[in-house]
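A.B. asks: Residue numbers (our numbering), protein chains in the order written: chain A, 323 to 734; chain B, 323 to 734.
Misleading hints may appear alongside valid ones.
Said to hold, decoys possible - These stretches of chain A come out as covered by chain B in the derived footprint (C-beta under 8 Å, 3 or more residues): (1) 367-377; (2) 399-410; (3) 622-635.
Please keep in mind that the hints were generated in silico from the structure rather than gathered at the bench. Quick caveat: nothing in here was measured; it's all calculated off a predicted structure. C-beta: ideal position from N, C-alpha, C; glycine also.
2 protein chains.
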Amino acid sequence: MSILVMKFGGTSVATLDRIRRAAKRVGREVANGHEVIVIVSAMSGETNKLVGFVEETSPLYDAREYDAVVSAGENVTAGLMALTLQEMDVPARSWQGWQVPLKTTSAHAAARIEEIPTDNILRKFDEGMKVAVVAGFQGISPEGRITTLGRGGSDTTAVAFAAAFGAERCDIYTDVDGVYTTDPRITSKARKLDRIAFEEMLELASLGAKVLQTRSVELAMRYNVKLRVLSSFEEMSDEAGTLVCAEEDIVESNVVAGVAFSRDEAKMTLQGVEDRPGIAAAIFGPLAEAGVNVDMIVQNISEGGTTDMTFSCPINEVKRAEKAMGDAKAAGLIDFAGLVADTDVCKVSIVGIGMRSHAGVAAKMFQTLRDEGINIKVITTSEIKVSVLVDRKYLELAVQALHDAFGLERAA
Amino acid sequence: MSILVMKFGGTSVATLDRIRRAAKRVGREVANGHEVIVIVSAMSGETNKLVGFVEETSPLYDAREYDAVVSAGENVTAGLMALTLQEMDVPARSWQGWQVPLKTTSAHAAARIEEIPTDNILRKFDEGMKVAVVAGFQGISPEGRITTLGRGGSDTTAVAFAAAFGAERCDIYTDVDGVYTTDPRITSKARKLDRIAFEEMLELASLGAKVLQTRSVELAMRYNVKLRVLSSFEEMSDEAGTLVCAEEDIVESNVVAGVAFSRDEAKMTLQGVEDRPGIAAAIFGPLAEAGVNVDMIVQNISEGGTTDMTFSCPINEVKRAEKAMGDAKAAGLIDFAGLVADTDVCKVSIVGIGMRSHAGVAAKMFQTLRDEGINIKVITTSEIKVSVLVDRKYLELAVQALHDAFGLERAA
C-alpha cells in the first residue's frame with residue numbers, strides 16, 4: 323500500500339469547479355495506484371467570514387467557541403470533496419477532525435497535535451476505499467471539544483497525517499507553483515527551486531516567505547516527510563513544484579538558496595541602560611512575559627557604566643514592548659534613559675545550507691550592501707542564514723543586489 | 323431546577339443582531355430562574371446554500387456526505403449564540419449533536435432520534451452553567467457519522483430535548499406570532515389562537531399549516547411536552563404566542579379550531595378498473611412502493627364489472643404515480659382503461675376536537691360550500707377533521723366561507 327497525502331488550500335477549493343479540478347488530480351493519483359489522504363481547507367473567504375462573526379460578537383472571545391465556529395468551513399469542503407470524488411467513481415468518504423480522531427492539546431485556537439490514530443482510516447482502505455478526505459485545521463481536545471491549530475493549520479494537518487501514515491509524499495497544493503529564490507514581485511530574476519532542504523525552508527518560512535507554515539516544515543523535518551509545494555492551477559507533472567526534503571536528497575545546490583525579507587519589523591533601542599550582570603534577563607524577561615517576540619539583539623560597547631541595548635520585534639508589538647519596558651522601569655527592575663522605536667526598517671536575509679561549508683558568505687553580503695550604499699543597522703547570523711536590518715527604502719535594492727551577487731538566477 | 327427549552331428558527335438568528343435579540347430573551351428567562359437549553363437553526367439561507375452545493379456536486383448524493391455538509395450551518399449559530407450569551411455575562415457553552423450525543427438511527431438525511439443522554443448537560447448545569455446551546459437538526463449515527471433529521475428537524479430536536487430533560491415548556495420562536503385559525507393572507511378575519519390541542523395542531527400541520535413540523539407535534543403529544551409557538555420579533559409576554567397542549571388544558575374552544583388548505587394536491591382517476599377483491603391492494607401497493615403519498619381515496623360504484631378509482635397525492639408525485647400504474651399494467655398486475663390527472667385542485671380542511679362531541683359539522687361544511695356554488699370532488703374525514711378536494715379557483719372563497727360559517731373570528 324502506497325499512501326499519498328494531498329493538501330488543497332482555500333484558493334484551490336474556492337468554488338465547486340475548483341473542487342472538481344482538485345478531485346481530478348486526486349483521481350489521477352488513485353489511478354496511479356495510490357491510496358490518498360486528502361486534507362482540505364475551507365473554501366477561500368469562509369474562515370475569514372466566520373472569524374469576523376466571532377470577533378464582532380465577542381472581541382475577547384472564548385477560544386473554545388471560536389474553534390467550534392471557525393472549524394465549520396473545512397467540514398463543508400471535506401463533504402463536498404468526498405461527493406465530487408464519488409461522482410467520478412472514486413470510493414471516498416469524509417472525516418471531521420473528531421471522527422479520526424485527531425487528538426490535540428487543549429490550547430484552543432492554537433492547539434498542537436498529540437496523536438493521529440490510523441486504524442479507522444486504514445480499515446476503510448482495506449475495505450476498498452481509495453480516498454479519505456479529512457477536514458484540515460481541526461482536532462479534538464482531551465475534554466471532547468473541537469480545537470483548531472491556528473494559522474496555516476491545514477499544512478500542519480497534512481504533514482502530521484503523512485508522518486502518522488508513513489506516506490510516500492505530502493503534496494501541498496496552493497496558488498503559487500513552488501518555492502522561489504525570492505519573491506518574484508521584487509525581481510523578475512527570481513527562480514523556482516526544484517528542491518530545497520528542510521532547514522532552508524524553515525528559515526525562509528520564519529523569515530517571511532509565506533508559502534508554507536513554519537510548524538508544518540518543522541514537523542516534516544522531524545519525521546522526514548517529503549513535502550512538495552505545487553500549484554493547483556497548472557498541469558500535473560512529476561517535476562512540478564518544489565520538493566522540500568532532507569539535505570542528503572539534494573545533489574547540487576547554490577551556497578545561498580534564497581533571499582527572504584520582511585517589512586513587519588521594528589528596531590527598538592533602550593538608551594543608557596546600566597551595564598551589569600543580569601541586565602539582559604531583566605530586559606528580555608518582561609518582554610517575553612508581555613508576549614513580545616524579540617528577534618535580533620545587539621548590545622553596544624559600554625561607556626561609563628551604561629550601554630545601549632537594541633532589539634527588533636514585529637512592528638505590531640511595539641506598543642506592547644514600550645508598555646512592558648515602562649512597567650519594568652516603574653517597578654524598579656531596570657533603569658534606562660530613553661526608549662526609541664524605529665519602525666521604518668526591514669529585515670533582509672540570505673539562507674543556504676551551503677554556508678556551513680563556505681567561508682566568507684556573510685562578508686560577501688556586507689560587501690554587496692556597502693557597494694550599494696546601504697547602511698546595516700543590526701546583524702544576526704545562524705549556521706545557515708545571515709539577516710540584516712536596513713532602512714525600509716532599501717528593501718528592493720538590497721534583495722536585488724544580493725540575488726545578483728549570489729547568482730541565484732541560475733541553478734547550481 | 324426548572325429547565326426551559328427555547329428554539330430559534332433561521333429567521334430569528336439570520337444576523338448577528340438578531341442573535342443578540344434572541345440571546346436577550348434567553349437572558350431574561352435565566353434571570354427568571356430558569357436553566358435554558360437553546361436549540362438553534364442555521365442562519366437563514368445557509369442550509370439552502372449548502373444543500374445547493376451538494377445537489378450541484380452530486381445529484382444522487384451519498385446522504386452521509388450530505389449530512390456532513392448541511393449540518394455545518396447549525397454549528398456556526400450554536401457557537402455564536404454561546405459567545406453572545408457570554409458577552410451578556412450569562413454562563414453558556416455550545417454543543418454539537420455528536421457532543422451531546424444526540425443518538426439517531428442511520429437513516430441519513432431523515433434520521434429519527436433514538437436517545438438523548440442528559441448527564442453531560444446536567445453536570446454543566448450543576449457546575450453553574452445557565453444555558454446549553456445545542457445545534458439543532460443533527461445527531462450521530464451508531465456508526466459515528468453525522469446525521470440530520472430532515473425538514474423541520476430543529477423543531478423536533480427542541481421537543482425531544484424538552485421530553486428528555488422534563489422541561490417545563492418548549493418555546494418555538496419563529497417569524498409568525500402563533501397559530502392562526504387560518505392563513506391571514508387568505509382572510510383578514512383570521513385570529514391567533516391562545517391554545518390549541520396537540521391533535522388539532524397535528525392535523526393542521528399535516529394539512530398544510532407550515533408553522534410547526536408534524537414530527538415535532540407528534541413527539542410533543544407522545545411525551546406531553548407543552549409547546550409554545552411565538553414570534554421572536556415581538557415583545558415578550560407570558561400571553562404571547564399559541565400554546566400547543568393536551569386537550570384537558572383547554573377550557574373553552576370552538577367546535578372547529580381552524581381551516582387549513584393546500585395547493586399542492588393532484589386528483590388522479592384510474593378509469594375502468596376491474597372490480598374484484600384485492601384490487602385496492604393491487605393499485606396502492608405499487609404506488610406505496612414507488613414512494614407516492616396517497617392521501618384521499620374514493621371508489622365509485624361498480625358498473626358492469628368495472629369501476630373508477632380516484633385518489634389524491636402531492637402534485638410533484640404525479641409523474642411517479644403514472645409510471646407506477648403504467649408499470650403495474652405492463653406487468654399484468656392490474657388492468658384499467660385510462661388514467662386522468664387533474665392538477666387544478668386544492669384541498670380545504672376544517673379541524674377541531676369539538677367535532678367528536680358535535681354532530682352535523684361535516685354537513686354544515688358541505689352546505690356552506692354548496693351555498694357558494696363550490697362542487698366537492700373528493701371527501702375524507704377523520705374523528706377531528708373533514709377535508710374536501712375542490713377546484714383550485716375556489717380556494718379563497720371556500721376558506722373564507724368556512725371561516726365565517728364556523729364563527730372562527732371570535733373566540734369561544
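A.B. asks: All hints are to be evaluated individually against the structure, with a verdict given for each.
C.D. replies: Against the structure, the hints come out as follows:
Counting residues of the segment 367-377 of chain A whose CB falls under 8 Å from any CB of chain B gives 3; the rule of at least 3 is met. Requiring three or more residues with a Cβ within less than 8 Å of a Cβ of chain B, the coverage given for the segment 399-410 of chain A holds, as 8 such residues are present. Restraint check on the segment 622-635 of chain A versus chain B: 0 residues with Cβ-Cβ distances below 8 Å, three needed, restraint violated.
Checked against the numbered hints given earlier, the structure breaks only hint 3 and satisfies all the rest.
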